[in-house]
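Knowing the structure of chain A, use the given hints to seat chain B on it.
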Amino acid sequence: MHQIQLKLALGLAALLGSAALAVAQSGPDPMRALRNEVQISAADPMAALRAPAATETEGPAPNPEFGNLPDAPGAEETYYQCTACHSTAIILQQRVTDARWDDLWQWMVEKQGMFDPEPAEKEVIMTYLKTHFSSER
Amino acid sequence: MSDLPDHAVAPIDTDQPPGNSRRAFLRGTSLSAFGALLGMTIPFERNLPAGIIPVALAQDTGTDLMSGKTGLTIMSDRPLNAETPAHLLDDDITPYERMFVRLNGLVPQTALDANAEGWTLTVDGEVETPLSLTLEDLKAQFETVTKVLWVECGGNGRAFFQPGSSGNQWTMGAIGCPEWTGVRLADVLKAAGVKPGAVYTGHYGNDVHLSGDAEKQTISRGAPIEKALEEDAIIAWAMNGEPIPALHGFPLRLVVPGYPGSVSQKYLTRIWVRDQVHDGEKMTGYSYRLPAYPVAPGTEVPEEDMVIMTVMPVKSLITFPETGTEVPSGAATEVRGHAWCGKGDVAAVHVSTDFGATWQEAELLAPPNRFAWQRWRANVTLPQAGYYEVWARATDADGISQPPVSPGWNPRGYGNNLQHRIALVAT
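Listed in order, the protein sequences are those of chains A and B. The first sequence lines up with residues 46 to 182 when you count with the working numbering. The second sequence lines up with residues 12 to 438 when you count with the working numbering.
Bear in mind the hints are in silico, worked out from the structure with no lab data behind them. Any given hint could turn out to be false.
[Unchecked claim] With a straight-line Cα cutoff of 25 Å, these simulated DSS-like cross-link-like pairs (lysine-lysine) come out: (1) A:K175 to A:K156; (2) A:K156 to A:K167; (3) A:K156 to B:K293; (4) B:K227 to B:K293; (5) B:K293 to A:K175; (6) B:K354 to B:K293; (7) B:K201 to B:K150; (8) A:K156 to B:K227; (9) B:K354 to B:K201; (10) A:K167 to B:K227.
One chain only, chain A, in its complex shape:
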């Protein structure tokens, strides 16, 4: 096993030059992946060791003015619609299907007393939620 690793390391060193050689000389680091969590995709079984949402790095930067919602069209409308009841923390955790978002909206209006805005405004908010907090895209 050690021989195989050494051959691989030397092979890589030959291919990549002195920088790779320095890495090879320090030996394999079994914890490398854990120390660099963002490089592990959500589909990796190791994702079970932490909360997936904490490693999300893609998409627009968070806007502190709107509770750290991703800075994109619809963020302001979404912020004021949703934070009448709850903070943005629960929004930021979501990765759900469009159908779930539709159901959640209906549930919040019918059961939770949420204000149902004009259709155009609802469209802006739902598009924003389905764009940035989706399991489909």
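For chain B alone, coordinates are given in the frame of chain A:
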């Protein structure tokens, strides 16, 4: 909004009794006055329905109370939700500072003030003699019992479902096992005289709905009457020998072990014995319900095909060592944790250090009482330096084990009892 009087802002009377008085005052005040109180304008104030007041004014969210917790991961600040990392759950009896927090609404003012004066529990509905019991009545009229009972959120493990499902993305730590003191729910129900037509219990508390609407129930769930009449469930006034803390249901709560934590109503004011399946807030729709048949991940299940989630599945945690710990190769390393099951018994726990290829049986201790989690421990020897994972797998008395992957996807992400695993690095 314009139909509300736009009168001058009055100072809040701090001498008012706790409860709804402050909210009642605010409900009569215009939104521009709210803005003045907040010291800012309220953009989109048209979005606030009549009679609904901004949460910022309605109620303290209880966030300050989180300073009494150590090491928890906060999922949401309003409502407050926080889970405990597995390695901080090593105690046999979970201390206050490491008990997870799951709130559907806001902590009621009575709990924030630790004021139980005049508190009564009503037991009514399908009973011969409706009861109205003070805390003193409960303590005087019924046998006091102390039990170690785990409480787990039905959505614990939700984060691992793909595609995702809505709600707090709990990983492994929405579970805790404190010691509770109170009276048996069954004793109280029997004192009221449960009628033959009783089907379900319906639980009510005085926590505040997120919208600030005093008319709305935050959550009102229940249990089949047969479950409620078993000896395990208690109406508790103490946790770990102290009055129940504000975040956990002061001054009175139910602990109905084996079922999703939401059945264990906090801030308990009423138990309504129903002649039908309870239809309170979060009993219907997709809340705490599972598809009646197995579905592919991401399937939209019609509402009428959703059934109430009851018994929690068998599960275990590795609470020592912490994931990522370095241990010596070629020598025995102790790993340990807890195991529990909604049926009330765990038959065995096994651990693997080779990704599930081989398993060794762990030592499993008997629980101090039914529905306490059970301590398990095992010595593992990692043969050479490198990266390992420890996987733990509990098995219930019917031979049903935890799966290595997320089981049974469901629209709201309940009941995920996949095996817990930690990383160990042998040196």
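What's the verdict on K167 (chain A) and K227 (chain B), does the C-alpha distance respect the 25 Å limit or exceed it? holds (24 Å)
Holds or violated: K354 (chain B) and K201 (chain B), Cα atoms, limit 25 Å. OK: K354 (chain B) and K201 (chain B) at ~23 Å, within 25 Å.
Can the restraint linking K227 (chain B) and K293 (chain B) be considered satisfied, given a maximum Cα separation of 25 Å? Satisfied, since the Cα-Cα distance of roughly 12 Å is no more than 25 Å.
Is the hinted pair K156 (chain A) and K167 (chain A) satisfied, with a Cα-Cα distance of at most 25 Å? holds (17 Å)
Taking 25 Å as the top limit, are the C-alpha atoms of K354 (chain B) and K293 (chain B) close enough? At roughly 23 Å apart (the allowed maximum being 25 Å), K293 (chain B) and K354 (chain B) satisfy the hint.
Hey, K156 (chain A) versus K227 (chain B), does the alpha-carbon distance stay inside 25 Å? Measuring from Cα to Cα gives roughly 9 Å; hence the hint holds.
When you check the alpha-carbon spacing of K293 (chain B) and K175 (chain A), does it fall within 25 Å? holds (24 Å)
What's the verdict on K201 (chain B) and K150 (chain B), does the C-alpha distance respect the 25 Å limit or exceed it? Given that 25 Å is the threshold and the Cα spacing comes to 16 Å, the pair holds.
Within 25 Å, alpha carbon to alpha carbon, are K175 (chain A) and K156 (chain A)? This hinted pair holds, its Cα atoms lying about 21 Å apart.
Holds or violated: K156 (chain A) to K293 (chain B), with C-alpha atoms at most 25 Å apart: holds (9 Å)
Consistency note: the structure conflicts with none of the earlier hints.
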